[in-house]
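Chemist: So you can see what is in the structure, the chains are spelled out below.
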Amino acid sequence: MRFHFKTTYDQDIRLFPDWWNFSLYAALILLLLAMPWLIDSFFLGEMTNVLIWAVAGLGLMLLTGQTGQVSLGHSAFMALGCYTTVNLMEAGLPFLAAFLLAGAITGIIGAIIAIPALKLHGVYLSIATLALAILADDFIVILDHWTGGVNGYFAPEIWIFGVEVNRWVNPAAWYYLALGTALFVTLIYRNLVRSPLGRAFAAVRDSEISAQAMGVDIARTKTLAFGLSCAFAGLGGALMGLFAGAFNNETFNFLISIQLLMMIIIGGLGFIHGAFLGAIVIAFLPQLLSMSTDFMGSSSIPGLETGVFGMILIAFILFEPMGLYGRWLKIRTWLELFPFARRDMFKRQKTYLKTERLR
Amino acid sequence: MSLLDLKNVTLKFGGVTAVNNLSLSVNEGEVFALVGPNGAGKSTVFNMISRFYRPFRGSITFDGEDLLKQKPHQVSSHGIARTFQNIELFERATVLQNLLVGRHRHRKTMLLEEMFFIGRTRAQEREHRHAVEEVIDFLDLQPYRDKHIAGLPYGVRKVVELARALATKPRLLLLDEPASGLSVEETQDMRWWIDDIRRQMGITVLMVEHDMGLVSKVCDRVLALADGAELAQGTPAEVQAHPAVIEAYLGTSAISKTANAKGERV
Ligand SMILES: Nc1ncnc2c1ncn2[C@@H]1O[C@H](COP(=O)(O)OP(=O)(O)O)[C@@H](O)[C@H]1O
Ligand SMILES: [Mg+2]
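Sequence lines, in order, name chains C and B.
According to the numbering used here, the stretch in the first sequence is residues 27 to 385, in order.
According to the numbering used here, the stretch in the second sequence is residues 903 to 1168, in order.
Bear in mind the hints are in silico, worked out from the structure with no lab data behind them.
Any given hint could be a false lead.
[Unchecked claim] Pairs of lysine-lysine, DSS-like flavour, derived with a Cα cap of 25 Å:
(1) K973(B) to K145(C)
(2) K356(C) to K32(C)
(3) K1071(B) to K1010(B)
(4) K971(B) to K914(B)
(5) K971(B) to K1010(B)
(6) K1071(B) to K1049(B)
(7) K32(C) to K973(B)
(8) K909(B) to K973(B)
(9) K145(C) to K971(B)
(10) K1049(B) to K356(C)
(11) K973(B) to K1010(B)
These numbers were taken from a predicted model, which means no experiment stands behind them.
Chain C on its own, in the form it takes in the complex (with noise of 0.2 Å):
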């Protein structure tokens, strides 16, 4: 058992608790910066492919379980990151530069879309959201002045500071550009949820109607949410194109919005580690199954993947709603107060009635 004794208010509001809590994390950053000297090239880029799935999964996290706001659009906005990233290093902007304000531009444009879109609720949000996920594949098709249309694109090469990140040269700059991406975005996540914005997200998510008497604006703080997410999926969707190395309006299909809510459900809405973990089951489950479908002697079968992914989302929905991170949660306390625990301590509690209306 571990017991945690606060003595300062700071140890609430500094990004580590506690130095076990910090030394657990820095051991795992060290292991992550050692992973090139670890692993082969090809796990290499499947763990690249889980940082890049974690990035724009972070993205949507921060909409749909920190603010409530279900999106099937996100796709759109990854691939409005991507396209503007190559567009402005053709405009001869060096690569991290481009890419940064892809990311920002990306967010302002999605900031601006969600003004109209977050005036709606619930499942009409996620039907307007996913209309765009769709016209998107349109509008890349339109656009072929910049997008290159059906034929899509060629990754440019991409340099940081003379050092050339090619996936097949040298994966593991990739892998670093990668890490680095998705630590700078879980950096800012972990800011913003320690702030009052953070909370004013929760707020939002959880009662309306109190947030605004707690002097919450809705409208500004949903519109902020919806931006910063998509942000996040702008520099999720540039590396997810780059790295791919070849693109065009088939790579952001809106199938990928929907891939990104299961991972984040799988995960474990709400929280940061929920969308790595998530991610981890995106990447790694085709080969699985791929592994599995040749192992019974059998080709490849069409569909196979989002059946199975589908139908673990199921799972998930009706046996442990908070995800993976959700069910680690629970072994760690069983563990620490172990032999303690009860059995019917997680039990879900009997909420009270809510209604819409004020009385």
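Given the structure of chain C, go ahead and fit chain B with the ligands onto it with the hints provided.
Modeler: Chain B with the ligands only, in chain C's frame:
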């Protein structure tokens, strides 16, 4: 001096006149109660002050300023905080986080500062935490600080909601049925807290309450409502003895009678 003024306020929902030509003024530093049977329009009055509803006619001013010009989220910045009849907490957050949302109106940081946790952000967090801890001490919420709302008993939720309202450092506190659903002991605590809120913190209180025992102990003035209109106004004793009030209560629900009986014991 009057702090909150409602003048000839009327609000209809379809055919129902929820509030009918109501005027009331709450003086700075007093505890004022709205009483009346269920459906009398008490919560609707609160919701108009919070600007969730806009009255059809009439005016609402706070400290001389026209509240009807404000949006719902701007009301709190004038120093008005409230609780809800059906508790409205942030369920998936901890008690501490709920109270920190109460500090929202005092924030000074900009988006970029918060994103990178630079500038005033850290100092501001410490300040907010300090203010919130004072409220936690005042309402004895220490054991619940890091607990999620979703697992808390009803009585504690009521106190957390009061705490969140106090964390905003209001000048006027609106309490919608603060003692409903509380045990006798919890109601007793609520009574002392309301007294202290007025005496020590100098906060003006407007409350809706069925428990006449509590009302007569903590309130200076009472306004009795029925069908959205004023029946009587005055000290708790005066209102309780008023013939129109007696008739309205005897003529309506047994619920208010049991509330009365409970009130005598307290
Ligand atoms: N949002 C609403 N829509 C329609 N009718 C409402 C609404 N809110 C309140 N009412 C009606 O207004 C009247 C007063 O309600 P309320 O203010 O909640 O009473 P109470 O005094 O019990 O708090 C009731 O008849 C109620 O049905
Ligand atoms: Mg009511």
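Chemist: Hint by hint, say whether it matches the structure.
Modeler: Consistency of the hints with the structure:
no.: 1; hint: K973(B) to K145(C); in the structure: holds, 16 Å
no.: 2; hint: K356(C) to K32(C); in the structure: holds, 22 Å
no.: 3; hint: K1071(B) to K1010(B); in the structure: holds, 16 Å
no.: 4; hint: K971(B) to K914(B); in the structure: holds, 20 Å
no.: 5; hint: K971(B) to K1010(B); in the structure: holds, 23 Å
no.: 6; hint: K1071(B) to K1049(B); in the structure: holds, 23 Å
no.: 7; hint: K32(C) to K973(B); in the structure: violated, 40 Å
no.: 8; hint: K909(B) to K973(B); in the structure: holds, 19 Å
no.: 9; hint: K145(C) to K971(B); in the structure: holds, 22 Å
no.: 10; hint: K1049(B) to K356(C); in the structure: holds, 15 Å
no.: 11; hint: K973(B) to K1010(B); in the structure: holds, 20 Å
Hint check: a violation occurs at hint 7 only; the rest are consistent with the structure.
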